[in-house]
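Enquirer: All chains, please: the whole structure from these sequences, using the hints.
Chains A and B are the protein sequences, given in the same order.
Be aware that the first sequence starts at 1, since it is given in the working numbering, and climbs by one per residue.
Be aware that the second sequence starts at 1, since it is given in the working numbering, and climbs by one per residue.
Everything labelled a hint here was simulated from the structure, so no lab data went into it.
Values in this document were obtained by computation on a predicted structure and should not be read as measured data.
It is possible that part of the hints are untrue.
If chains are identical, the list can't say which one is meant, so a pair holds when it fits in one copy or spans any two.
Stated by the list, open to error - DSS-like mimics (lysine-lysine), calculated; alpha carbons at most 27 Å apart, straight line:
id, residue 1, residue 2
1, Lys-360, Lys-497
2, Lys-487, Lys-352
3, Lys-439, Lys-487
4, Lys-7, Lys-64
5, Lys-474, Lys-487
There are 2 protein chains.
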Amino acid sequence: MQNTDLKIFNTLTRTKEVFKPVNPPFVGMYVCGPTVYNHVHLGNCRTFISFDIVYRYLLHLGYKVRYVRNITDVGHLVNEEEMTGEDRIGKMARIEKLEPMEIVQRYTNGFHDVMKQFNALPPSIEPTATGHIVEQINMVQAILDNGYGYVSNGSVYFDTLKYAKNHKEFGRLSGKIMDDLQVETRDLKGQSEKRHPADFAIWMKAQPEHIMRWNSPWSVGFPGWHLECSVMSTRYLGDKFDIHGGGMDLQFPHHENEIAQNIGACGHAPVNYWMHTNMLTVNGTKMSKSLNNSVLPGEMFTGENDVLAKAYDPMVVRFFMLQTHYSSTLDFSDEALQAGEKGFRRLMEGYKTLQSLQHKNGKVEESEDQAVTEECQACYEHMNDDFSTPQALAVLFGLVTRVNTYKDKGGVVSSISKETFDRLNKVFRDFIEDIFGLKEEEGADEEVVDGLMQLIIDIRQSSREKKDWDTSDKIRAVLKELEIQLKDGKDGTSWTKA
Amino acid sequence: MQNTDLKIFNTLTRTKEVFKPVNPPFVGMYVCGPTVYNHVHLGNCRTFISFDIVYRYLLHLGYKVRYVRNITDVGHLVNEEEMTGEDRIGKMARIEKLEPMEIVQRYTNGFHDVMKQFNALPPSIEPTATGHIVEQINMVQAILDNGYGYVSNGSVYFDTLKYAKNHKEFGRLSGKIMDDLQVETRDLKGQSEKRHPADFAIWMKAQPEHIMRWNSPWSVGFPGWHLECSVMSTRYLGDKFDIHGGGMDLQFPHHENEIAQNIGACGHAPVNYWMHTNMLTVNGTKMSKSLNNSVLPGEMFTGENDVLAKAYDPMVVRFFMLQTHYSSTLDFSDEALQAGEKGFRRLMEGYKTLQSLQHKNGKVEESEDQAVTEECQACYEHMNDDFSTPQALAVLFGLVTRVNTYKDKGGVVSSISKETFDRLNKVFRDFIEDIFGLKEEEGADEEVVDGLMQLIIDIRQSSREKKDWDTSDKIRAVLKELEIQLKDGKDGTSWTKA
Numbered sequence: 001m002q003n004t005d006l007k008i009f010n011t012l013t014r015t016k017e018v019f020k021p022v023n024p025p026f027v028g029m030y031v032c033g034p035t036v037y038n039h040v041h042l043g044n045c046r047t048f049i050s051f052d053i054v055y056r057y058l059l060h061l062g063y064k065v066r067y068v069r070n071i072t073d074v075g076h077l078v079n080e081e082e083m084t085g086e087d088r089i090g091k092m093a094r095i096e097k098l099e100p101m102e103i104v105q106r107y108t109n110g111f112h113d114v115m116k117q118f119n120a121l122p123p124s125i126e127p128t129a130t131g132h133i134v135e136q137i138n139m140v141q142a143i144l145d146n147g148y149g150y151v152s153n154g155s156v157y158f159d160t161l162k163y164a165k166n167h168k169e170f171g172r173l174s175g176k177i178m179d180d181l182q183v184e185t186r187d188l189k190g191q192s193e194k195r196h197p198a199d200f201a202i203w204m205k206a207q208p209e210h211i212m213r214w215n216s217p218w219s220v221g222f223p224g225w226h227l228e229c230s231v232m233s234t235r236y237l238g239d240k241f242d243i244h245g246g247g248m249d250l251q252f253p254h255h256e257n258e259i260a261q262n263i264g265a266c267g268h269a270p271v272n273y274w275m276h277t278n279m280l281t282v283n284g285t286k287m288s289k290s291l292n293n294s295v296l297p298g299e300m301f302t303g304e305n306d307v308l309a310k311a312y313d314p315m316v317v318r319f320f321m322l323q324t325h326y327s328s329t330l331d332f333s334d335e336a337l338q339a340g341e342k343g344f345r346r347l348m349e350g351y352k353t354l355q356s357l358q359h360k361n362g363k364v365e366e367s368e369d370q371a372v373t374e375e376c377q378a379c380y381e382h383m384n385d386d387f388s389t390p391q392a393l394a395v396l397f398g399l400v401t402r403v404n405t406y407k408d409k410g411g412v413v414s415s416i417s418k419e420t421f422d423r424l425n426k427v428f429r430d431f432i433e434d435i436f437g438l439k440e441e442e443g444a445d446e447e448v449v450d451g452l453m454q455l456i457i458d459i460r461q462s463s464r465e466k467k468d469w470d471t472s473d474k475i476r477a478v479l480k481e482l483e484i485q486l487k488d489g490k491d492g493t494s495w496t497k498a
Numbered sequence: 001m002q003n004t005d006l007k008i009f010n011t012l013t014r015t016k017e018v019f020k021p022v023n024p025p026f027v028g029m030y031v032c033g034p035t036v037y038n039h040v041h042l043g044n045c046r047t048f049i050s051f052d053i054v055y056r057y058l059l060h061l062g063y064k065v066r067y068v069r070n071i072t073d074v075g076h077l078v079n080e081e082e083m084t085g086e087d088r089i090g091k092m093a094r095i096e097k098l099e100p101m102e103i104v105q106r107y108t109n110g111f112h113d114v115m116k117q118f119n120a121l122p123p124s125i126e127p128t129a130t131g132h133i134v135e136q137i138n139m140v141q142a143i144l145d146n147g148y149g150y151v152s153n154g155s156v157y158f159d160t161l162k163y164a165k166n167h168k169e170f171g172r173l174s175g176k177i178m179d180d181l182q183v184e185t186r187d188l189k190g191q192s193e194k195r196h197p198a199d200f201a202i203w204m205k206a207q208p209e210h211i212m213r214w215n216s217p218w219s220v221g222f223p224g225w226h227l228e229c230s231v232m233s234t235r236y237l238g239d240k241f242d243i244h245g246g247g248m249d250l251q252f253p254h255h256e257n258e259i260a261q262n263i264g265a266c267g268h269a270p271v272n273y274w275m276h277t278n279m280l281t282v283n284g285t286k287m288s289k290s291l292n293n294s295v296l297p298g299e300m301f302t303g304e305n306d307v308l309a310k311a312y313d314p315m316v317v318r319f320f321m322l323q324t325h326y327s328s329t330l331d332f333s334d335e336a337l338q339a340g341e342k343g344f345r346r347l348m349e350g351y352k353t354l355q356s357l358q359h360k361n362g363k364v365e366e367s368e369d370q371a372v373t374e375e376c377q378a379c380y381e382h383m384n385d386d387f388s389t390p391q392a393l394a395v396l397f398g399l400v401t402r403v404n405t406y407k408d409k410g411g412v413v414s415s416i417s418k419e420t421f422d423r424l425n426k427v428f429r430d431f432i433e434d435i436f437g438l439k440e441e442e443g444a445d446e447e448v449v450d451g452l453m454q455l456i457i458d459i460r461q462s463s464r465e466k467k468d469w470d471t472s473d474k475i476r477a478v479l480k481e482l483e484i485q486l487k488d489g490k491d492g493t494s495w496t497k498a
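Expert: Structure, rendered in structure tokens:
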């Protein structure tokens, strides 16, 4: 298999393109990470899991990938205590005040926990916006030096009109024309300071109520929202790198402005392949607080949300996401998740069954051997086709059916060659472990222990009734060894583990 | 119990002092965290676990603690490729070069994993040195403005002679006098730029081979080693905060210079209580690579190190550390760890046993009731005595003996009052769960499943021999339900779980 077989749908050109890294075997990939002022959103998780698959597949292909995913830890948090003027006592005591970095730490930890539960590989570098203030100031200066920014009342704005005049590609990523580009109205405050409504802040002078603020040549302030990704991506991947990803809601204005900033600072476009993941819905509608259908990842794992009938293991949710291509809308519903759970278990059981099969040289059925070979190959081909996980999964399920047939026929496989049998094993290992990153559900052991203990308690009961003291003595001895205590009560026998 | 009962040994005064926070109920605590250019050292783990206990106990006392532990992610890494001049091709391609932040990320992740295994609570804020370059530049400027620094060839040095003249406490923390203070020779290169050998760099001009570098008013360079902690502690805790901790090897020069920097910048000492943890030895000698007796935390958990006879659960290691006071040397040996393992299990079993006891009103034995009450109280008193975990543990073990006696007498407790019985339960919960942060060993389930399955396989075998089909049918049905498959072979029966 040639690495150059991989095709990626590039949002910039709206075509599937053969993937050619700038400096093979190195690949640089940047993904816009979470804003850590709240719990990570399930939709964000979908994006990060999608790019985890991209990362894993590139690694599988043998690329040396530097995967950078940022943490947005600087926002517009204001000190409400100070604003209301109610707490003057604490003014000298920094420790009594709201500290944004405490919030940042809590939600960063929570985000990492969730990503770990989803078995997503950690990125190579996870830079924070506040960790790159000097570099952001440098880029603002470079944009000013190149004539694409202007200072207004201590803030610095990107001059979109001038940029659009020299760079016709402005709007290309999002498919917007200059008129559309005026709709960015996040920063109402700055409208009067701007020369054009589409201009956006690259450095903001801090209002008195802003807590996070740094010295700069223009004002004590903070970097504009779009700047950090321009800075951190090129800081770690160079000013021309391979893949930039994110949710499709970031295409405009975030990514459009990112491109403008990079070109404004260094004269050329930063990214060769732009990838965008599609949105997530719940029972067919957008997830939103006002619709009361928001589900946090943690709630999904515990089932503590009215939208859900039950808890779903992180691995089930991950598998469920892989059943839909990253570029399509993904709908969460109990029904679909429960079907996903069945599918996940069928796949994992198939893998276990495969590992229990034995190959024996015998009469090879050529047509079957060829079919298995082709199906194995097809899995990789589907991944090469813009990471089509649902199609690769479909083929894997066909192979699960074959595996189950081999088992039903006695577990010894002779109808395919040893080579093909080995390839079949490799495909399952490659896909389940390396590429899809699936593993056994958590807490499985606990359920098993409960089930086995109930069985043993029942056997103990019946052996006592039959006066089969050998068996009940043996049970007592083994349980003692395992430090398990039985307690006979009115409502039957319970057990505890020391 | 009064919070003011807590006494802390203050390195600065070399006495145990009553703990009085600057702004109760708030407490600010800063601990020097790891340098993430390598695996975290077991000695560091001891320090962090010691301060985890301090943190947990302060929380238990009802304080609102902001616990800041930094990550040192800027060091003196040089780009060897560039130095040897062998790789000119890659010069334009940043991605092919050594990226310090990739190393930082890997070891930060590893550090977090280890801390989680040790069940250490995450700090409230975990700031990085590279994330506070602007603030460090600000402090260098403040020190210069106050006349305690000088610029020499693009680097900035702290003027220790001038500082010592105005501030007689220089050397107080480490007990060193000015002559001793000259021994800091880490930075040989800067000797010619210094006015006095004890002077230390607060900003270093970067040599060409240094990769991590930032713009500053003095040079493109990087902050001095000691500066980050002065900056990050006061950034998040205010310029006068309660507790500063670290390993005792940091007393000099790191903490001594930290104090000098803070006083140099803002005119007064930053910290009220300095706490230092003692060192860790292995089989009586210092752990070092040259002695080939280094043990990584991960190796301790897997047993994959020749120094160890077996693996130790993180909870066993944590418990083992608590058996020695943080201010004493702690020696790791297989013998001591195995004793620790027994002790840990005895304590946890005692806790389980206590939970199985029932109280019944009856004749209270006054002397016993009073003894239990006093022993419960003693646990907290020992913690109030500079966090004496070994003494608190000793009392807890006395209580375990009592608990086991209650169990031997039938598990129903009448000889102490309900109030005392409840207090006994509270002490165990407080100490084991909240203060000591101990929990069941990991992987325990797996061993149990193996043991139970072996028992079930044996029962199945004997029931077949006895033609007890009821039992063997029941076993078959339950195992099928649990998706466990048995496989009868020449060497007996094995099992797999789907």
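Enquirer: Next step is simple, just say for each hint if it's right about the structure.
Expert: Outcome of the hint check:
1. Lys-360 - Lys-497: between (45 Å within a copy, 24 Å between copies)
2. Lys-487 - Lys-352: between (36 Å within a copy, 13 Å between copies)
3. Lys-439 - Lys-487: between (35 Å within a copy, 23 Å between copies)
4. Lys-7 - Lys-64: within (18 Å within a copy, 54 Å between copies)
5. Lys-474 - Lys-487: Both. Shortest intra-copy (17 Å) and inter-copy (22 Å) distances satisfy the 27 Å Cα cut-off.
Consistency with the previously given hints is maintained throughout, with no hint failing.
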